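Put the two chains together into one complex, using the hints given.
Those protein sequences? They're chains H and U, same order as listed.
Number 50 in the numbering used here belongs to position 50 of the first sequence; there are no gaps in the numbering.
Number 1030 in the numbering used here belongs to position 30 of the second sequence; there are no gaps in the numbering.
Derived from the structure by calculation, the hints contain no laboratory data.
Nothing here was measured: the structure is a model prediction, and the numbers come from that model.
Note that beta-carbon positions come from the ideal geometry of N, C-alpha and C, so glycine has one too.
Please note that a few of the clues may not be correct.
Unchecked claim - Derived DSBU-like pairs (lysine-lysine); straight-line CA-CA distance at most 35 angstroms:
{"hint": "1", "chain 1": "U", "residue 1": "1162", "chain 2": "H", "residue 2": "67"}
{"hint": "2", "chain 1": "U", "residue 1": "1244", "chain 2": "H", "residue 2": "101"}
{"hint": "3", "chain 1": "U", "residue 1": "1244", "chain 2": "H", "residue 2": "106"}
{"hint": "4", "chain 1": "H", "residue 1": "116", "chain 2": "U", "residue 2": "1244"}
{"hint": "5", "chain 1": "U", "residue 1": "1162", "chain 2": "H", "residue 2": "101"}
{"hint": "6", "chain 1": "H", "residue 1": "81", "chain 2": "U", "residue 2": "1245"}
{"hint": "7", "chain 1": "U", "residue 1": "1245", "chain 2": "H", "residue 2": "101"}
What the hints assert, rightly or not - Just a few of them, taken from the derived set where beta-carbon distance is under 8 angstroms, the chain U residues facing chain H:
{"hint": "8", "residue": "1149"}
{"hint": "9", "residue": "1157"}
{"hint": "10", "residue": "1168"}
If you want the building blocks of each chain, they are given just below.
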Amino acid sequence: MNGIRIDSLGKSFGEMPVFRDLSFEVPERRITALLGPSGCGKTTLLNILSGTLEAEEGEILGTRGRKISYLFQEPRLLPWKTVLGNLEFVLKGSGELADIKARIMKFLDLVGLLGKEHLYPWQLSGGMKQRAALARAYAFPSDIILMDEPFQALDLNLKLSLLKAFVPLWVEEPRTSLFVTHDIQEAILLGHSIVLLSPSPARVRRIIPCSIPLEERNLASGELQGIEKELYSLITDIKLE
Amino acid sequence: MKPSTIKGALITLVSAFILILFWKILSLILGIELILPSPEATLKGFLKILVSPAFWPSVLSTLARGVVGFLIAFCSGLIVGTLAGLFPLFHLCLKPLLTVIKSTPVISIILLALIWFHTATVPVFVAFLMTFPIICANTIAGIRGVDISLVQMARAYSVSKKQMLFGVYLPSIAPFVISGASTALGITWKVVIAAEVLAMPLFAVGTRMQNARINLETAEVFAWTLISILLSSLGEVLMDLLYKKVNWNERNKD
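This is chain U alone, in the form it adopts within the complex (with noise of 0.2 angstroms):
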């Protein structure tokens, strides 16, 4: 491991424990349980529901969820945005809709999809409604980000439309796919968790946090929310892998 990794791991690891450190101080000075838990109350609130009967059918659910409505809009929007990305006029076409959809706020779009749909589908559809123009506005900006340079000398040598595709253009805007994509999980989580906690399905992180609202167990609202974290995290950094992998400019530069 380089130096410079080991440091940044040490100063991550520092300011983790002083963020734990300045919860504990908060807890201690509110002194109120239900208002702010300590530390060791979410650990504790953790490691009870880590052992429930519904932890994983939750997990897994909130999990499947979030992949099915994330994969729904990276494809339709790789699709679209590509399309977007070579015909203006299918750009000019587009845009209204994706303003309308990137400005409406999450809530509304969570509340028209519980008239619309089945509880368990509100998270996925939500999902789905808010990452697609992060993915759709990132295809075009790859697919003009294209190096016309690479794309006539494809031409001057008669490659198929085919390989052009992949050869060409599909290689050229994986960074910013990737990019665009990386956002687009982040925010999956928080807005299938949100549509989860109105919708309220069977098996769902967001339902167990509602219950733990509801019934007050607010070290277990924290610990949900920890997990939460944890899938979100862990999303980051496989797609901060796989960015690292696509991204050939930052490579060209060495």
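Next comes chain H alone, as it looks inside the complex (with noise of 0.2 angstroms):
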């Protein structure tokens, strides 16, 4: 499998296009972050890989047949149910029990949640439950995660550990992602190639691949605040209309 492929893609609402002859790649695991402005059609974007929304132009190719994870904005748990069964839930039938329950266990200790699979979303703080959101998108055995803009929210300590958080998910077992962010320093972060989108209607305006091991990145190293730089000069430069 090739990762996933978008080619010329268009996708209006009513009279308003959200985005035109939309092409790029997503490799295989590897982590693609999709920049852009707001209403860019970023989450459209992912609806429509996700199977919720229809394309009008274009196709989607190597998502056919393959499990998908969404990470969404909000960590969207079940109250009902505690950590665990909020994860069993997406897991169930996935298959046997014994190996469903120590699958769920090894991702909520990498992403610091052991000892809190009996507590409810009620009893979590804001960033434990979107830690629980982010141990759900990793245990659940998919081939796709997609990530609509999961740290948006959040605190900048919150974010920090969150995105602390989740390399070693990443290195645990990588997967094929595309990481929708307005961010700057959360795309330079985890992307591997990051994919510059101009405001609506979205064109890909630039890609820029990042070779640094996501566990050795750090915002303050040379080729990171490089990539930052040129992203700032390619947004200062987009005129908003």
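This is how it looks when you write it as structure tokens:
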């Protein structure tokens, strides 16, 4: 399998085009960060990839028959189930019960929630809820992970701790991932390649690769600062209508 | 026990005492036991019927009729309400029927049931018909109140339809359904006993009340009324406990 290929995709809501002729590739077992201003159709693209929306033009290759995990902006945990119950809910039927439990515990451990598996969402802090959602996305045996600005609603400390929690998950089981964000720092910390979109109707403006392994990334490093500067200058060039 | 709980229980006890005192004063002013028996005469009547051979068969038969009528309404209301909540066209078709049932006087339903059914079945049918629209309406409201973001999450993870129903929809609607069931259960005892008074099955609280009325045993009517209040209160307490267990919205506010 060669990742996901988005080819000449077009979508509009009524008279308003969201994106037109959108083409790029999401390489296999790599994180592609999709960076763009608000309203440029990033979430719409994820919905098309997950099959909940249909595109009007173009095609998507590499998603058919493959399992997808979805990490939303909000944790979206079932309030009547414990953390363990929430993870079991999506993993049910994916194997033997003992194997599922062991897998859940492994990922809860990786996000620092081991020992909290019997708590209900109302007993967790905002950061813990998002960690549980992160563990759910990774524990689900998917081929593809779609992430829709999962760190957006968190304060800086929580965001950094969650970004830190994300890396061991990725190292444990790298998967084909599309990470939607409008935060440059999040994009350069997690993206193996960064796809910069123009404002609506969105088109690919630039694709910037980043070869540093995720676990070695540091915002103070020269290469990342170079990418950050490049992205800033490209974004400030975009004329907002 | 929390101090607020003790305080609440004390206030309830004092209120009950004031109510009984008011009743006693009123019965003294009237001075006619046949019209308003005193609290002690009612208690005496209560103890008398408690040891009578017809007591348990009557109470248990009324209880059984109420439970059967309520359970039929609960199950059918849950199924029909779920379908109406999920399919707006079905809800539109159902609306006139629900309006007719809700608007028809209970007495009309009892009289028609007396023509259609056996005396022992009348209270069951009336209880079903009077509580079905309540369960149904609350289930519809519950289905419409389901958090769509959780449904989208479950769809994104491709969970089965069975899991979607039992894992997302039913727990979401549970607080609405239990709240409706609590109201419905309160109404059940009222309509079951009213239907029994007119249908007069062999063993029934309503039949005993009617007999006491015919024999001008007002204290006994009061005593049977007390029993029906106890039955209703028991159901209310059980439903409250169940509601607290399934009311996730309240817990989320903690």
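Restraint status (C-alpha distance of residue 1162/U to residue 101/H at most 35 angstroms): holds (21 angstroms)
Hinted pair residue 1162/U and residue 67/H, Cα distance within 35 angstroms: holds (19 angstroms)
35 angstroms limit on alpha-carbon distance, applied to hinted pair residue 1244/U and residue 101/H: holds (30 angstroms)
Pair hint residue 1244/U and residue 106/H, alpha-carbon separation not exceeding 35 angstroms: Holds, because 34 angstroms separates the two Cα atoms, which is no more than 35 angstroms.
Pair hint residue 116/H and residue 1244/U, alpha-carbon separation not exceeding 35 angstroms: At roughly 23 angstroms apart (the allowed maximum being 35 angstroms), residue 1244/U and residue 116/H satisfy the hint.
Pair hint residue 1245/U and residue 101/H, alpha-carbon separation not exceeding 35 angstroms: holds (26 angstroms)
Restraint check, 8 angstroms cut-off on beta carbons, for residue 1157/U near chain H: holds (4 angstroms)
Minimum beta-carbon distance criterion (8 angstroms), residue 1168/U to chain H: Residue 1168/U check passes; min Cβ-Cβ to chain H is 7 angstroms, inside 8 angstroms.
Holds or violated: residue 81/H to residue 1245/U, with C-alpha atoms at most 35 angstroms apart: holds (13 angstroms)
Satisfaction of the residue 1149/U interface hint, Cβ to chain H closer than 8 angstroms: With Cβ-Cβ at 5 angstroms, under 8 angstroms, it holds.
The earlier numbered hints are all upheld by this structure, with none contradicted.
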